[in-house]
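Colleague: Got chain V; can you put chain H on it based on the hints?
2 protein chains.
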Amino acid sequence: MGNQSVTIGFIGVGVMGRGMVGNLLKNGYEVHVYTRTKAKAERVIGQGAIWHDSIAHLVPTASVVITMVGTPQDVEDVYFGEGSVLQLATLGTHLVDMTTSSPTLAVRIANAAQVRGLFALDAPVSGGDIGARDGTLSIMVGGDRDAYARMLPIFHAMGKIIVHQGAAGAGQHTKMSNQITVAANMIGVCEALAYAKRAGLDPTTVLQSVASGAAGSWSLSHLAPRIINGDFAPGFYVKHFIKDMKIALDSAREMGLKTPGLALALELYEQLATMGEEESGTQALYKLIDG
Amino acid sequence: MGNQSVTIGFIGVGVMGRGMVGNLLKNGYEVHVYTRTKAKAERVIGQGAIWHDSIAHLVPTASVVITMVGTPQDVEDVYFGEGSVLQLATLGTHLVDMTTSSPTLAVRIANAAQVRGLFALDAPVSGGDIGARDGTLSIMVGGDRDAYARMLPIFHAMGKIIVHQGAAGAGQHTKMSNQITVAANMIGVCEALAYAKRAGLDPTTVLQSVASGAAGSWSLSHLAPRIINGDFAPGFYVKHFIKDMKIALDSAREMGLKTPGLALALELYEQLATMGEEESGTQALYKLIDG
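These protein sequences, in sequence, are chains V and H.
Counting in the working numbering, the first sequence runs from 1 upward without gaps.
Counting in the working numbering, the second sequence runs from 1 upward without gaps.
Extracted from the complex, chain V is given alone in its bound form (with noise of 0.2 Å):
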């Protein structure tokens, strides 16, 4: 598809919508927005989006949807819902959404939107908000391969890293074990640094020591040296994270897996959420630990 025959839908402007959309414009594309508070879709308004007032209004326009909304449910309601997109969208309408969300929910979507002539993409997101502003997110992408290929030039205009995992759910399955991963590893990035300040050791000092060895991560090198700075803004949201670890730890338990590690990372989470640290970024773990 080139970008003068396509024209986007994009429901769910918040953090992470805003630069996708302005990526999408920037790259000549018609985007038409809707988001429940419409001051957060201003600034892409300002960019040249078109603004509507409902998704029942939007989605009729639109040859390709794309969801970046908040939770499961969220998804749910937008897919599933009274006056909602698979309701709406014309046949051939190719629906994207890039919510982490749950594997189990995009199979259903992706099936309900074969039965009505649609293609279904599951294709969840990491890179946060400045990957999301500077295009150069990793895009992990599951459901018919051909959709795919077709919605490549779009993913293109957001992402750097861009994947077919496999059939409809394994987009939101690959998000799960990226999640996973960071999950043990931001306990162990706290815990170390938590003793490293018990043992008197100066953090910064240590992380001279550790950081490109076998110790040596993302989290690390990006969120460690904030932690020593006492910077716990987010970045990624606690409580965002918690609800990504609730969809994994529900997802490994339909398959069978113990994963012992997410478990105890989403229970620490939860502790440090009724310690009011929702609103804060994930490296604030180190403030239960070191408590």
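One or more hints might be untrue.
Same chains, same label: a pair holds when it works inside one copy or across any pair of copies.
[What the hints assert, rightly or not] Pairs of lysine-lysine, DSS-like flavour, derived with a Cα cap of 25 Å: (1) Lys-243 with Lys-287; (2) Lys-40 with Lys-239; (3) Lys-287 with Lys-258; (4) Lys-239 with Lys-258; (5) Lys-243 with Lys-40; (6) Lys-258 with Lys-246; (7) Lys-197 with Lys-258; (8) Lys-26 with Lys-40; (9) Lys-197 with Lys-246; (10) Lys-26 with Lys-160; (11) Lys-243 with Lys-197; (12) Lys-239 with Lys-287; (13) Lys-197 with Lys-287.
Keep in mind the hints are simulated off the structure, nothing from the lab.
Modeller: Leaving out everything else, chain H in the frame of chain V:
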């Protein structure tokens, strides 16, 4: 100290010590060696190291004694036992324990050394047998700063990243921070790969999506491919990792720090050891998670 004026006594020529002695010899040092099993020293003897039949024979010849033995108990025996390093070292000798050992024991050695007019440093390493062979170890040093400065040429013969971390014990504490980070991360890597497999994904393709982002780590880049290939050879032995995690957990408890991630990792690795995997590489944790 110039290379000519230094005679090094090296105790413990196992898989790590062998490489380290080789690099000291290459850098022109006179190296005397002792290790419990003489056969293990044969390669370095062939490279020019001078063999001694006991610690008691070796220590008096040396102006610098380096120890690279197995457990904290071995370190205690070598330094405090009958006919041992602290009894036999001549005034002004520098004692460098490069074993991964207890921070508390490192402080005891340093204090006992000071009383006897000796200089003791704790200087554990990371980088494994390959780092030892190639002279690219990270060396984390605790103890008197002037003694550290005098040992720097020797450290540079064996390592690439050499950092003075503080007073006696600080090197060991830094190594514990390293191992704490690794411990939790290994759980995450293994759970993520097991999850991917159960979800029917191709784990190598999953790595394409996740390895360079927020989930990225040394373990994910270096050990996950081995796991995928069914290669569980050490690398770093399960039995040694368990030893290190026990030291770290004891040390954390002494400081009143709770490390639930480390505690979980130790528990899982002890289970793994009972499965007969003590001699496997640490990536064998995957077998327990996927089991």
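Colleague: Hint by hint, say whether it matches the structure.
Modeller: Cross-check of the supplied hints:
1. Lys-243 with Lys-287: The answer is within: 20 Å in one copy meets 25 Å, while 28 Å across copies does not.
2. Lys-40 with Lys-239: Within one copy only: 19 Å inside a chain, 54 Å across chains, cut-off 25 Å.
3. Lys-287 with Lys-258: Answer is between: at 12 Å across copies they meet the 25 Å cutoff, but 27 Å inside does not.
4. Lys-239 with Lys-258: both (23 Å within a copy, 23 Å between copies)
5. Lys-243 with Lys-40: within (22 Å within a copy, 53 Å between copies)
6. Lys-258 with Lys-246: So Lys-258 and Lys-246 pass the 25 Å test inside a copy (14 Å) and across (24 Å) alike.
7. Lys-197 with Lys-258: Classified as between; 13 Å across copies, 33 Å inside a copy.
8. Lys-26 with Lys-40: Classified as within: same-chain Cα gap 19 Å, cross-chain 65 Å, threshold 25 Å.
9. Lys-197 with Lys-246: between (31 Å within a copy, 19 Å between copies)
10. Lys-26 with Lys-160: within (15 Å within a copy, 46 Å between copies)
11. Lys-243 with Lys-197: Answer is between: at 22 Å across copies they meet the 25 Å cutoff, but 30 Å inside does not.
12. Lys-239 with Lys-287: within (15 Å within a copy, 32 Å between copies)
13. Lys-197 with Lys-287: within (13 Å within a copy, 34 Å between copies)
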